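Peer 1: Residues per chain, in single letters:
Number of protein chains: 2
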Amino acid sequence: MTSPKSSNLTWHGANVTSDEREGILGQKGCVLWLTGLSASGKSTIARRLEQLLLERKVTAYVLDGDNLRMGLNKDLGFSPADRAENIRRVGAVAQLFADAGTVCITAFISPYREDRDLARSLNLPGRFIEVHVSTSLEACEARDPKGLYKKARAGQIPEFTGISAPYEVPMAPEITLDTENRDVDECAYQLVQDLRQRGFIPAA
Amino acid sequence: MTSPKSSNLTWHGANVTSDEREGILGQKGCVLWLTGLSASGKSTIARRLEQLLLERKVTAYVLDGDNLRMGLNKDLGFSPADRAENIRRVGAVAQLFADAGTVCITAFISPYREDRDLARSLNLPGRFIEVHVSTSLEACEARDPKGLYKKARAGQIPEFTGISAPYEVPMAPEITLDTENRDVDECAYQLVQDLRQRGFIPAA
Numbered sequence: 463m464t465s466p467k468s469s470n471l472t473w474h475g476a477n478v479t480s481d482e483r484e485g486i487l488g489q490k491g492c493v494l495w496l497t498g499l500s501a502s503g504k505s506t507i508a509r510r511l512e513q514l515l516l517e518r519k520v521t522a523y524v525l526d527g528d529n530l531r532m533g534l535n536k537d538l539g540f541s542p543a544d545r546a547e548n549i550r551r552v553g554a555v556a557q558l559f560a561d562a563g564t565v566c567i568t569a570f571i572s573p574y575r576e577d578r579d580l581a582r583s584l585n586l587p588g589r590f591i592e593v594h595v596s597t598s599l600e601a602c603e604a605r606d607p608k609g610l611y612k613k614a615r616a617g618q619i620p621e622f623t624g625i626s627a628p629y630e631v632p633m634a635p636e637i638t639l640d641t642e643n644r645d646v647d648e649c650a651y652q653l654v655q656d657l658r659q660r661g662f663i664p665a666a
Numbered sequence: 463m464t465s466p467k468s469s470n471l472t473w474h475g476a477n478v479t480s481d482e483r484e485g486i487l488g489q490k491g492c493v494l495w496l497t498g499l500s501a502s503g504k505s506t507i508a509r510r511l512e513q514l515l516l517e518r519k520v521t522a523y524v525l526d527g528d529n530l531r532m533g534l535n536k537d538l539g540f541s542p543a544d545r546a547e548n549i550r551r552v553g554a555v556a557q558l559f560a561d562a563g564t565v566c567i568t569a570f571i572s573p574y575r576e577d578r579d580l581a582r583s584l585n586l587p588g589r590f591i592e593v594h595v596s597t598s599l600e601a602c603e604a605r606d607p608k609g610l611y612k613k614a615r616a617g618q619i620p621e622f623t624g625i626s627a628p629y630e631v632p633m634a635p636e637i638t639l640d641t642e643n644r645d646v647d648e649c650a651y652q653l654v655q656d657l658r659q660r661g662f663i664p665a666a
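Chains A and B are the protein sequences, given in the same order. For the first sequence, position 115 matches number 577 in our numbering, and the numbering has no gaps at all. For the second sequence, position 152 matches number 614 in our numbering, and the numbering has no gaps at all.
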C-alpha cells in the first residue's frame, strides 16, 4: 500500500456511524467478489443474485468487468499492470459500496491472487467474501458465448486469461461455485443463504 | 468522450430495470454534486444531508474529496490533468451509485467547468444536480480550518484553488447555497426539500 500523492488531506468521517447506518438500512454492507474464467458464469450469477436480493428489498448492486471497462476503467487495457490497476480501482469502489451499506457483487475475471488480496485488504475483516466460480477451462471454452476463446486461440486477442495469460486459482475462497453440475438459480440461492448465515441480510 | 481501450467488451444489463429497482427501494438514484472552494462548507453540508436522509430511511452516501484521494485516487495529485482525472473517476463512481438507486452526494472542489460538465454527461438527464456552495474566497480564507490557505499564501502548496489555481464559477447550477448568511442545517434541509420536490425521495 503506497501513500497518497498529496499530504494535505483530512479524513472526513460520516456523522452517522456504520452501525447506525446499518441499523437504519436493515442490512450490512459487504463485497461478494466473484472470480473465474471468462464465460465461467460470473456475470449471470451476479445479475441473478442481485435480482433475488432486490426482490427481498435488500439494496444490492453489481460491478461488472465489461461495464466498468466502458466507464471508470476505460483507460485501461489487459496488460498485467493495467489488470492490476483495474482491480485496484474496482476494489476501492466495492469498498465504498460496502461502506454505504450495500451488498456489492463484483464480477471480474481478476486472475491474479495479489490483486484479489489487495481488494480484500481494503475491506473490514469478514466483509469480503471471495467466491470462486470454478467452471473449468474446457467448459468455458465450449460455451464461448462471445466467441472470445475462438479469437484467442486464433491469436487475435493477446493476453487472454486461460489461453495466453494465467489464471491463479484462489487458495482459500470463502465459497466455491460449481456451475457445471448446478444451474444459475441454484448458485444464486446458495449465495442468498450464505449472506443470511453471515448476518449481512435479514433472515427469511 | 474517448472509446474504451478494449473492443472485446459486452454491456451486461441488470435483470431488474431501473424503474423496478427504484420501485422496490422507494427512492430514485441521483447525484448531488457540491462544488466550491476549500473550506466553503461542502463536506459539512454533505455529511449533514447524508444524516438527514438516513434518518428518513433514504439510502444516501457521500463521496468526499479527501477520502477518495486516500483510496481510489491516491495516485493523483493536483495538476490540471490529475484534477481532471480525479473528477472523471468520481463522476463515474457517482453515476454507479445513482444507478444503484442511491442518493449520492459528492463534495469536491471540482474547480473546472469542463470536468463538472463531463460528470454531468455521465448521468441520465435530470439525475445530476449541481450545487454551488458559493462561500466567498474571503470567508473561506477567514475560516481556514486546516490552515491550508495560510500555507498556500506562503507558497507551501502549489496550485491551490482560489490562490494559485483558478475556480470557475458554475454558470447554471441547479442550486446555489449561501453559507455566509445561513447555517449548515438550513442548507442541508433545503437540499432535502429539493430532493422531495424533484421526486427522488418520498414526501414527508
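Worth double-checking, as some hints may not be accurate.
Identical copies carry no separate label here, and so any pair may be met within one copy or between two of them.
Okay, derived cross-link-like pairs now, DSS-like style, lysine-lysine, Cα gap no bigger than 25 Å in a straight line [to be verified]:
no., residue 1, residue 2
1, K608, K536
2, K612, K467
3, K519, K608
4, K613, K519
5, K608, K467
6, K467, K613
7, K467, K519
8, K467, K536
9, K519, K612
10, K519, K536
11, K613, K536
Keep in mind the hints are simulated off the structure, nothing from the lab. None of the values given here were measured: they were computed from a predicted structure.
Peer 1: Against each hint, give a clear statement of whether it holds in the structure.
Peer 2: Against the structure, the hints:
Within a single copy, K608 and K536 get their C-alpha atoms as close as 20 Å, which meets the 25 Å cut-off; across copies the closest is 35 Å, which misses it. Only between protomers do K612 and K467 lie at most 25 Å apart by alpha-carbon distance; the minimum there is 21 Å, versus 43 Å within a single protomer. In the homo-oligomer, the alpha carbons of K519 and K608 never lie at most 25 Å apart, since the shortest distance is 33 Å inside one protomer and 41 Å across protomers. With identical chains, the CA atoms of K613 and K519 are never at most 25 Å apart, being 41 Å at best within one copy and 49 Å at best between copies.
Proximity of K608 to K467 under the C-alpha cut-off of 25 Å is restricted to the inter-copy arrangement: shortest distance 18 Å between copies versus 40 Å within a copy. In this homomeric assembly, K467 and K613 come within 25 Å of each other (Cα to Cα) only across copies, at 17 Å, whereas the closest approach inside a single copy is 40 Å. Taking the shortest alpha-carbon separations for K467 and K519, neither the intra-copy value of 40 Å nor the inter-copy value of 37 Å comes in at or below 25 Å. In the homo-oligomer, the alpha carbons of K467 and K536 lie at most 25 Å apart both inside one protomer (22 Å) and across protomers (6 Å), since each shortest distance falls under that limit.
In this homomeric assembly, K519 and K612 never come within 25 Å of each other (Cα to Cα): the closest approach is 41 Å inside a single copy and 49 Å across copies. Proximity of K519 and K536 under a CA criterion of 25 Å is satisfied in neither setting, with 32 Å inside one chain copy and 34 Å between copies. Taking the shortest Cα distances, K613 and K536 sit within 25 Å of each other inside one copy (21 Å), while across copies they are farther apart (36 Å).
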